[in-house]
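Read top to bottom, the protein sequences are chains A and B. The letter at position 178 of the first sequence is residue 178 when you use UniProt numbering, and the numbering goes up by one with no holes. The letter at position 207 of the second sequence is residue 207 when you use UniProt numbering, and the numbering goes up by one with no holes.
Any given hint could turn out to be false.
[What the hints assert, rightly or not] Taking lysine-lysine pairs in the BS3-like style, the calculated list, with each CA pair at most 25 Å apart, reads:
1) K104(B) x K231(B)
2) K231(A) x K111(B)
3) K59(A) x K231(A)
4) K310(B) x K354(B)
5) K310(B) x K231(A)
6) K111(A) x K111(B)
7) K186(B) x K166(B)
8) K252(A) x K310(A)
9) K231(B) x K104(A)
10) K104(A) x K59(A)
11) K231(B) x K108(A)
12) K104(B) x K231(A)
13) K310(B) x K280(B)
14) K310(A) x K280(A)
15) K59(B) x K280(B)
16) K252(A) x K280(A)
17) K111(A) x K231(B)
18) K354(A) x K59(A)
19) K186(A) x K59(A)
20) K314(A) x K354(A)
21) K59(B) x K186(B)
[Stated by the list, open to error] Here chain B is said to cover these stretches of chain A; the calculated rule only asks that three of the stretch's residues, wherever they fall, bring their Cβ under 8 Å from a Cβ of chain B:
22) 16-30
23) 68-77
24) 196-205
25) 215-227
In short, the hints are calculated from the structure, not lab data. For every residue, glycine included, the Cβ atom is placed at its ideal position computed from N, Cα and C.
Protein chains: 2
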Amino acid sequence: MSRAFNFSAGPATLPEPVLRQAQAEMLEFGNAGASIVELSHRGPEFIAVAQQTEADLRKLLSIPDDYAVIFTSGGATTIQALLPLNFAEAGQAADYVVTGHWGKTALKQAKPYVAANVAANGEAGGYRSIPARGEWHLSPDAAYVHITANETIHGVEFRDIPETGKVPLVGDFSSSIASEPLDIRKFGAIYAGAQKNLGPVGISVLIVDRELLERAGQPRADIFDYRSQLKAESMLNTPPSWNWYMLGLTVKWMLDEGGVAEFAARNARKAAVLYDVIDKSGGFYRNEVEAAVRSRMNVPFFLFDEALDKPFLKEAAAAGLISLKGHRALGGMRASIYNAMPEAGVQALADFMKDFQARNG
Amino acid sequence: MSRAFNFSAGPATLPEPVLRQAQAEMLEFGNAGASIVELSHRGPEFIAVAQQTEADLRKLLSIPDDYAVIFTSGGATTIQALLPLNFAEAGQAADYVVTGHWGKTALKQAKPYVAANVAANGEAGGYRSIPARGEWHLSPDAAYVHITANETIHGVEFRDIPETGKVPLVGDFSSSIASEPLDIRKFGAIYAGAQKNLGPVGISVLIVDRELLERAGQPRADIFDYRSQLKAESMLNTPPSWNWYMLGLTVKWMLDEGGVAEFAARNARKAAVLYDVIDKSGGFYRNEVEAAVRSRMNVPFFLFDEALDKPFLKEAAAAGLISLKGHRALGGMRASIYNAMPEAGVQALADFMKDFQARNG
Numbered sequence: 001m002s003r004a005f006n007f008s009a010g011p012a013t014l015p016e017p018v019l020r021q022a023q024a025e026m027l028e029f030g031n032a033g034a035s036i037v038e039l040s041h042r043g044p045e046f047i048a049v050a051q052q053t054e055a056d057l058r059k060l061l062s063i064p065d066d067y068a069v070i071f072t073s074g075g076a077t078t079i080q081a082l083l084p085l086n087f088a089e090a091g092q093a094a095d096y097v098v099t100g101h102w103g104k105t106a107l108k109q110a111k112p113y114v115a116a117n118v119a120a121n122g123e124a125g126g127y128r129s130i131p132a133r134g135e136w137h138l139s140p141d142a143a144y145v146h147i148t149a150n151e152t153i154h155g156v157e158f159r160d161i162p163e164t165g166k167v168p169l170v171g172d173f174s175s176s177i178a179s180e181p182l183d184i185r186k187f188g189a190i191y192a193g194a195q196k197n198l199g200p201v202g203i204s205v206l207i208v209d210r211e212l213l214e215r216a217g218q219p220r221a222d223i224f225d226y227r228s229q230l231k232a233e234s235m236l237n238t239p240p241s242w243n244w245y246m247l248g249l250t251v252k253w254m255l256d257e258g259g260v261a262e263f264a265a266r267n268a269r270k271a272a273v274l275y276d277v278i279d280k281s282g283g284f285y286r287n288e289v290e291a292a293v294r295s296r297m298n299v300p301f302f303l304f305d306e307a308l309d310k311p312f313l314k315e316a317a318a319a320g321l322i323s324l325k326g327h328r329a330l331g332g333m334r335a336s337i338y339n340a341m342p343e344a345g346v347q348a349l350a351d352f353m354k355d356f357q358a359r360n361g
Numbered sequence: 001m002s003r004a005f006n007f008s009a010g011p012a013t014l015p016e017p018v019l020r021q022a023q024a025e026m027l028e029f030g031n032a033g034a035s036i037v038e039l040s041h042r043g044p045e046f047i048a049v050a051q052q053t054e055a056d057l058r059k060l061l062s063i064p065d066d067y068a069v070i071f072t073s074g075g076a077t078t079i080q081a082l083l084p085l086n087f088a089e090a091g092q093a094a095d096y097v098v099t100g101h102w103g104k105t106a107l108k109q110a111k112p113y114v115a116a117n118v119a120a121n122g123e124a125g126g127y128r129s130i131p132a133r134g135e136w137h138l139s140p141d142a143a144y145v146h147i148t149a150n151e152t153i154h155g156v157e158f159r160d161i162p163e164t165g166k167v168p169l170v171g172d173f174s175s176s177i178a179s180e181p182l183d184i185r186k187f188g189a190i191y192a193g194a195q196k197n198l199g200p201v202g203i204s205v206l207i208v209d210r211e212l213l214e215r216a217g218q219p220r221a222d223i224f225d226y227r228s229q230l231k232a233e234s235m236l237n238t239p240p241s242w243n244w245y246m247l248g249l250t251v252k253w254m255l256d257e258g259g260v261a262e263f264a265a266r267n268a269r270k271a272a273v274l275y276d277v278i279d280k281s282g283g284f285y286r287n288e289v290e291a292a293v294r295s296r297m298n299v300p301f302f303l304f305d306e307a308l309d310k311p312f313l314k315e316a317a318a319a320g321l322i323s324l325k326g327h328r329a330l331g332g333m334r335a336s337i338y339n340a341m342p343e344a345g346v347q348a349l350a351d352f353m354k355d356f357q358a359r360n361g
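The following block holds chain A by itself, in its conformation from the complex:
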């Protein structure tokens, strides 16, 4: 086939102009005599790429100067393990609000290092809602409060940023970073694997209040120390430079398209189109998440009859709509509609869903 509309949850679809530029520069970057993936990370070409990427990301996300930006390898899961090592004392309390699979993962990674307290947990309700702030049991002396801003599998998203007083709020924004304007000052730190809404797989971003970096944390290897990483400008060791470059191209594309305000509008329209088809299907399609916290990025849905799952996926693929199979933890379908998914892709999926229902309902 040619390029399909790819609804993969991550690694996810990239803007075609980004892929075309990467393709054009694969044999030689500019006039450098080599590809960016072959050039030293200490050389002038990559240093320029790295610096421009940070500048563009700061512009895109309106990152205040008193927040540091650290580019990391190892994915968001590694950041989840390093949060307590860097920002908590051994055995100190840290509060986790668990609203889906990824909140649970964050908790699991932290457990060896802190007294991890589940301040609120949506599991009993199948993660279909977000426990109200008033019901959270926070520890008064917690190192931080951790939330998962958008749950990629369960499709629930914080629509308001909770207040946590003097205790810094830390947010996993892996699947919703840059999807709408965000007041970063409300957080001690936010982080994201890039492979959903910032571009390529293989690199992650930590945006952290410089005050938090003054905490001593716990004994750890230098490579696990965010103070050292910042001092070395995220190049304490060889960084994933090609992935960094791709992130830079994607961020630049987002700026060129109009920035997060524009994407917030597009994303609201895209999500509305899909939820509308689901809600008006008379039960043929089903999304069980409480309407107020439905994710704008990941739309999980189920067909009324599981026997239709296979034909749905097969016919969708034939129509150029791929990667719609739901996560194995939930089954059913999932449409991930990050910034790089065009509105035309979502409309094509909506049309297909209506047509499929007409033929099978």
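Fit chain B to the supplied structure of chain A, relying on the hints for placement.
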């Protein structure tokens, strides 16, 4: 310019056929409707890539079945921090043989977790030789003995594998893996960042005796546990899939070219050409490493007059020979001549060096 001969120490030159294939597949991988960098790591396309890559790597390096292969992100430095966490008890002795900058880094990462003992150290001699095995002060109950098989900056390389009795030997092969046949059974584990001799930046490989994986190690996050990584087939979280794919293409290219025996022959010839020019230059060029342990991969050298460094680099670049500047720790020049550097590139450099001497000697 067009593509130059690129002597970068890492990220380093890639085989042109690998880059061309990556370029051709950048918009669509096979018939998948999307690039491999956009496809789920759980999907059939990437699973096939991952499995083929491991099979090819096992073939290339003759990895015995009782050794596990784990693909990691975070670079060799992260592996250096995780070695003691996985394979030593807290406070247990671990022996480090330091023969250059990277041995020192390995030691630094391990120090928070083990009683790191410097069993031998080449620093006093400027890392120009490797302390003889008979002079090493090994701990009888060490968790492991760590060596750096090839020092990328200082250009010294173990030409024989030292005996360490019942204590497992662990080798950092970042800059010499796959450069010649190696008896992996002599090691408890070897590891390498891929960006020198295995292909792309952003992924590393740990090859480890499954017996070592039975050690309890120290309390650590699940993402830092190599048993968990192995169980999850190196996909405990989203792996750097594009980098993995590029590693696979590079390994396949090495197999197609004749495997490690063929590269060992080419690498011996390439190194001989350069050391010959240096040694016959009457002091115009200088390499101070003891002949018996000179690296076949990284050839550091100095011009007799530092004032000639800038003209040398400028004229070399104009002749299509790039990235020859030495590491800032040593100064001078360095030619990294990994598997992907063709013999023609080394010959061109040798010819340039002789010509430059004729004009400036």
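Problem set entry | Hints that the structure is at odds with (numbers, increasing) | 1, 5, 8, 10, 15, 16 and 18
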